[in-house]
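Protein chains: 8
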Amino acid sequence: MTSLELETLLDSVRAGTVDPAAAGARIAAALRAAPFEDLGFARVDTHREIRQGFPEVILGLGKTPAQIAAIARSIVSRGRPLLVTRAQPAAFDAVREVAPGACYHSDARAITLANGEVPPGRGTIVIACAGTSDLQVAEEAAVTAEIMGNAIDRLYDVGVAGLHRILSEHHRIQNARVIIVVAGMEGALPSVVAGLVSVPVIAVPTSVGYGASFGGIAALLGMLNSCANGVAVVNIDNGFGAAAMASLINHL
Amino acid sequence: MTSLELETLLDSVRAGTVDPAAAGARIAAALRAAPFEDLGFARVDTHREIRQGFPEVILGLGKTPAQIAAIARSIVSRGRPLLVTRAQPAAFDAVREVAPGACYHSDARAITLANGEVPPGRGTIVIACAGTSDLQVAEEAAVTAEIMGNAIDRLYDVGVAGLHRILSEHHRIQNARVIIVVAGMEGALPSVVAGLVSVPVIAVPTSVGYGASFGGIAALLGMLNSCANGVAVVNIDNGFGAAAMASLINHL
Amino acid sequence: MTSLELETLLDSVRAGTVDPAAAGARIAAALRAAPFEDLGFARVDTHREIRQGFPEVILGLGKTPAQIAAIARSIVSRGRPLLVTRAQPAAFDAVREVAPGACYHSDARAITLANGEVPPGRGTIVIACAGTSDLQVAEEAAVTAEIMGNAIDRLYDVGVAGLHRILSEHHRIQNARVIIVVAGMEGALPSVVAGLVSVPVIAVPTSVGYGASFGGIAALLGMLNSCANGVAVVNIDNGFGAAAMASLINHL
Amino acid sequence: MTSLELETLLDSVRAGTVDPAAAGARIAAALRAAPFEDLGFARVDTHREIRQGFPEVILGLGKTPAQIAAIARSIVSRGRPLLVTRAQPAAFDAVREVAPGACYHSDARAITLANGEVPPGRGTIVIACAGTSDLQVAEEAAVTAEIMGNAIDRLYDVGVAGLHRILSEHHRIQNARVIIVVAGMEGALPSVVAGLVSVPVIAVPTSVGYGASFGGIAALLGMLNSCANGVAVVNIDNGFGAAAMASLINHL
Amino acid sequence: MTSLELETLLDSVRAGTVDPAAAGARIAAALRAAPFEDLGFARVDTHREIRQGFPEVILGLGKTPAQIAAIARSIVSRGRPLLVTRAQPAAFDAVREVAPGACYHSDARAITLANGEVPPGRGTIVIACAGTSDLQVAEEAAVTAEIMGNAIDRLYDVGVAGLHRILSEHHRIQNARVIIVVAGMEGALPSVVAGLVSVPVIAVPTSVGYGASFGGIAALLGMLNSCANGVAVVNIDNGFGAAAMASLINHL
Amino acid sequence: MTSLELETLLDSVRAGTVDPAAAGARIAAALRAAPFEDLGFARVDTHREIRQGFPEVILGLGKTPAQIAAIARSIVSRGRPLLVTRAQPAAFDAVREVAPGACYHSDARAITLANGEVPPGRGTIVIACAGTSDLQVAEEAAVTAEIMGNAIDRLYDVGVAGLHRILSEHHRIQNARVIIVVAGMEGALPSVVAGLVSVPVIAVPTSVGYGASFGGIAALLGMLNSCANGVAVVNIDNGFGAAAMASLINHL
Amino acid sequence: MTSLELETLLDSVRAGTVDPAAAGARIAAALRAAPFEDLGFARVDTHREIRQGFPEVILGLGKTPAQIAAIARSIVSRGRPLLVTRAQPAAFDAVREVAPGACYHSDARAITLANGEVPPGRGTIVIACAGTSDLQVAEEAAVTAEIMGNAIDRLYDVGVAGLHRILSEHHRIQNARVIIVVAGMEGALPSVVAGLVSVPVIAVPTSVGYGASFGGIAALLGMLNSCANGVAVVNIDNGFGAAAMASLINHL
Amino acid sequence: MTSLELETLLDSVRAGTVDPAAAGARIAAALRAAPFEDLGFARVDTHREIRQGFPEVILGLGKTPAQIAAIARSIVSRGRPLLVTRAQPAAFDAVREVAPGACYHSDARAITLANGEVPPGRGTIVIACAGTSDLQVAEEAAVTAEIMGNAIDRLYDVGVAGLHRILSEHHRIQNARVIIVVAGMEGALPSVVAGLVSVPVIAVPTSVGYGASFGGIAALLGMLNSCANGVAVVNIDNGFGAAAMASLINHL
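So the sequences go chain by chain: F, E, R, P, C, D, W and A.
Going by my numbering, the first sequence wraps up at 543, each residue one higher than the last.
Going by my numbering, the second sequence wraps up at 543, each residue one higher than the last.
Going by my numbering, the third sequence wraps up at 543, each residue one higher than the last.
Going by my numbering, the fourth sequence wraps up at 543, each residue one higher than the last.
Going by my numbering, the fifth sequence wraps up at 543, each residue one higher than the last.
Going by my numbering, the sixth sequence wraps up at 543, each residue one higher than the last.
Going by my numbering, the seventh sequence wraps up at 543, each residue one higher than the last.
Going by my numbering, the eighth sequence wraps up at 543, each residue one higher than the last.
None of the hints are false.
To list a few chain D residues with every Cβ distance to chain A over 10 Å, as calculated: (1) 305; (2) 380; (3) 413; (4) 489.
Facing chain F, from chain R, some residues (calculated, C-beta under 7 Å): (5) 447; (6) 456; (7) 499; (8) 502.
Simulated from the structure, these hints should not be mistaken for lab results.
By construction, the Cβ of each residue, glycine as well, lies at the ideal position given by its N, Cα and C atoms.
Pulled out of the complex, with its shape left as it was, chain F reads as follows (with noise of 0.2 Å):
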């Protein structure tokens, strides 16, 4: 039972259409289904969309094709949409076994199942990306964003060395509710965005680079230390990672 489903079935209860006694009944029936689904190597967290407003999504990475079908099938036949991320071709056959309409985001490395449905966010999320080789990380995010119900809007390869790239865009900086801007090497594009909107940025670091890069060290220390207010950081590359936090803001 979806939280989704639960007020809408409140709100029959309060509409007269559903009897209350009926309805408790439905509710303590899901309350008594595990909150978990043991495989043995993972526990399906069946209740994360009850308490987060999203089912489970797979991270691909350390994982076998197998143990991601598994999970995977343990979701989907429970109707529920799937986002697989860090996914490699190999996980996705097997995943299209379990989930005949997957689809592979080579961009993104995602898998994604639109299934069920997913509350619309209230707003734009703006996805910025500093150059052509973050790419990867920016899809992440707009696939990720994309499944969990938000309107996004790309703005790509605008990186602060030729500043009229992103000024030129500023009214679709302008439209958005929350900004997601992904950046290597220096990571100074979230400071620069910040500083012309009045809507949170989520800032992604990415491990585009060399040298003193680090990995992507560089950026995230110049975005951890952004002198703009507005702006948080999540871990180097977890594209998910903000637009989930961009989903969740995008749904309040």
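Guided by the hints, dock chains E, R, P, C, D, W and A onto chain F, whose structure is given.
Below, chains E, R, P, C, D, W and A alone, put in the same frame as chain F:
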């Protein structure tokens, strides 16, 4: 001209109580006003409130009391609220001369002066901290969130080594629109809190600890690697930044 | 001569079934035996079991299959149990030739051969891990603890983002004499577990994660800074070391 | 109600000297008592002893003398033993007012007050340190272990540059049920000690040293990479944590 | 003999106003002079100006006032300009005795004495800094550049969180022959400035900031990873080094 | 319209060979042209040459061959010179299709196509490297400097362990207008070279080395801490960046 | 002309068997010979043996087989011994063509060719290593020390977890004139060895280990912080450097 | 009984001036003497001189004046020379009471008392330092080397930015049997010196510098990565350790 004043003016135009030409003249005058005041050693960003919803805040660190007072005078003289973070008592003495009503929050090391109108946030910001030693940072967040117009709820010393302390406050956590979680040492509290709610969590690592806490690095890394969704992180000890972010979200 | 054999011998002397002189001769012979066997590239520590309660274990990392097999032969030929950690399949092929009954645990990357008697541990060692991706390290701990004579109980995928998963297994945790907690990313699980029990917790950080997990540093630092009492830490990914420590404790 | 009191009560029930109903009532009353006392800035975890075998210990670092005294009063007033670590003399002055019998261990920077009964550990905890400069941390461990009910044996200045110093104390090491080894600089002593015994070794790196000791990082890394089995590590300078762990083991 | 004096001499030879033999004798005498003056604790590099265009500069850090004064006397007595960086007031007191006309720049922590002729730079060096807290380092650069013969233009508190502050000074930036950009925190300003101009930018990270600024590491890494071309970096807080580099360029 | 074309046009106007009105029309047309070309995944900064003196350069790292070729086509089609750094052979194959005359410098891992006019630098850029293993980075610098219009002089394998190798080339060093010094390991060469000359030295640390070279950190830190004046540093292995900086200086 | 040849020549002069004039001519010719041979990509330092007692050694890392062979030919053609470290088999194939008698030491990853006379060291160099996995580095040291003319004694797998292994070889350690100690993981062996002897110990950290060994940093730091006197350290895995240092000492 | 006394005794036996039996008795007595004196907080290693050629040296860091004085008394009372490093003036006051003739070297922060005979080193130890700020560490090395019986030659302020300063002292460098090179900042001097000589170079990084010198890490890494042969490194600021190593070598 604050964004509130602008909105009020435009409402009056739509309502017919102010003449469009007169309104246009007032707006043009505001735009003609210099977008910053140059004090030589500082350029006070007088348009920041238009862009970001709150006037420039003074970071006391690395500025002399005289410099802080001069910037404070510039802000207060325009009728706007004042916030100085990382302020030593000597800075307060200097500020009090130019802003007589200002008060000093010693726990938070902050100076504030409520001045002019600030639009209220829509919900409550819960500020949770893991231990008594995190209090200073938590208070900086609390003072900041309040002067920015938000209702706040403090939940102190609820670290994960005694889980029942946070679980017993479950209803207050559920009541939040945004949650700020402040923690030093291993920084595990944001993960636990975010796992229980469906609102955004802003995590603030603190430099509390010793040895391998490395001045907050342990907590910072812990929070960046949170296995829970809906967590974004600000700089170590940056209570102000967390509150500024939370306030932006709470005003959406 | 293992410490068990020594004890048995001395018991027999006390019981009068073995003559003191004969016993003395056997002990002297054992002491005369070289305390290590020099293979040129390795000195097999044949007295380690006398000093530490379990024969030398072979760390497969950085050794050739031929070197591993030669050391394995030396151990097995003295009638003692064999454990090779970090073993590649090629090493198993070489070991199987000198120790036909050995088996390969692919999840744990370990080779074992039960051989001779091992004194049993006194209670149960619970092995908990935070996520499916930590399985490899948890299994190394499990295989190690078992061959060292301990009863174990596996509790997998009980990370803190879904607290109910660990809380619902409270009774199994309470039943442990020692607990091994394996976690990557922010490494928060040991703090939560240690806060619930009064037995020692051995924390094992894993290299699971990406970006700012820095190959397990985030988890390692989190565990070293645990705000809970009764937590001590071993090296990143060192499932073997955790189990060796837990086994020593469980044999007290 | 401590676990000792609970055990005694249940023994009495079995022995027939206490009526089951009366016992039930006393247990229920204890459970009804709040599991923590909320002092505003701190929540004293009054059930910690039930869960973990010893009441909450106060980490003095980052707390004001007044805060420390308030928490101390809460603990002492429930008739339980007091331990404050990292306590400055000013904190002792404040604590003495609320706990007149408390004493200050200046070497250990700790305040203690034996209060109520504490179950005794089963064997001896040896506390070895490598150099005279490690004394402060070793003493913190010694004071902690003692108030938690353990017999201890101090073995100071036995670093590896003069091996005969530790080898000549072989019999005292062999006599231990648990060993705490405190060392700074290269932190090699735990490996050497663990190689000689079959009991668990808790290693405590200290910040003693200069230059590339990096405040204890060198010793910490050395201990985490120990080539000997049966070594687990706590935070740099964490004498308290080592003793808490050792005490848990010694009470098994 | 400075390179200016050498050039003048050779010009005179060509012009016929000085006899080649006489000129040769003067040059030979200069070459015979010791290339350094040995003060015991220091060897003053008296040929540095011939090789590098400016006499040896004294880094005050780690030297006693007496040592600084002795080196200063050696330089001034040869009729050359004096610059002492990182100088405490006590050092100034000592220097004033051997170089009466010297003055102390407290913002820049520098002592200077214009002495003898210095060839003028060809254009203007713009010195921009991101925030008021970077002033000390910017002033060290300014004082250095001036005594080395350059025209300078100060542009302070123009950080990227309020882009209009730097964009509104576009004409002054365009007027520079070299630009020094001083910034702490995320260090993004050099990238933005370099993206706007076609002259070299010398970036100076400062230790301004707290937490994850790690004493300037964040800014340093940001600048090293600049996505803009024409940026090179000097040590953290090294205003002197940036100005020395800029002056060399400005004298080309 | 490049800055060269603009200058030529304005010269013609002054010379009377072009009508002011016609010139105005051509300039207006150029300004009307979009300042970047949006390829979806990339925004080619078509005004970069106007601002910075050389068209956008393509960093091959993290881009697919198809993406690189598309950006290359955009640049070449406007008649401007092409430079792709960090280019794999596969990228060259793709570029050759859209820019038939391009050539691949395998030592430098770079693709170039001389195209249109480039203003010549004023002096010679010396490129020195410490060891044979630094050749790849030195060649990237050489290829970059050449296509940007500079005369270069290569001085390879002149590391400080055999000082006579660099000292014997003293005259070539003295002949430079700017010097690029490429070195791995301890990175000492820039200090030695800068001590001998009065022109700017751009230092490039390389990732050459092993163990405690930490992928170039040792060399980077050495160069940032150079005791010689007139040294500024670029990112590890950033031969391109050093040459871009040197070229800007050489065109002053 | 090697220093040995020079000495022999001068002895002959003193003995009257060689005419001073003839000797002078031979020495002058040697000095006239270029002090390096310029191969374009490399300058072979042909005077290194005069300055340092052994001809240039080729570090294979980062050089192509062709480059290595060309430098090798230059050395061998002057009749001097050849040593190539970090050599892959492909490099050996190339070298064999220009130096037919060369042999490849696969354990040590080194190519050698004894060629011409090398002065013998005065005592024995003991090379001890802690574990079998350190063998590669120890063998690089052994091969280097041998070709430089030293008697060596190998003592492998004598790590501190089984102290009796090193103590039982006490007489061989006492027999050394210099000792090289190779160890990974916690790197404790040099401290233990240096505490037992009165000859210099050269410590070589290795990258053997995993997790918090951080590629040899743990061992490196341990060795730098050794509490024993008479220990100096070389780079991680630098068996060659340790042997070169030991050989210099052994030739004193 | 020092090794010198032992040698003398055995020489007398061979010479027939001492009776073998008498000699045997004296040696036996010495062996019976405890190999350490236990002061409670310290175990003075009275056999260190027998094993290592010089009595135990007291590291003043982290010891109280009273502790230092007690250990000093133990050493002096056995008639052996005293060396206390890192000694504050307060420690000197305490030592003077138990060792009246001791003197304090304030530059070196060391206390010494020549006492009894020390065997002389065979050659000269040159101690070179790069800058005036490295003097403290260089003096610690000088004082140590002298009390250990070595002739020394100081060569101060000869850093690589003015190469002629070191080259002009070439003859003094060539005269050394061992060279200690002390340098902060980029730490390049050891590479340059080692490239000029055929004797061992002990490199001492110092914490002199600021910003990216990171308390001596830059210099340490530079020295570990030296491209010259015959360089080994000791801890940052460890002048004592370098001299102890050099003295061992000089006594071979």
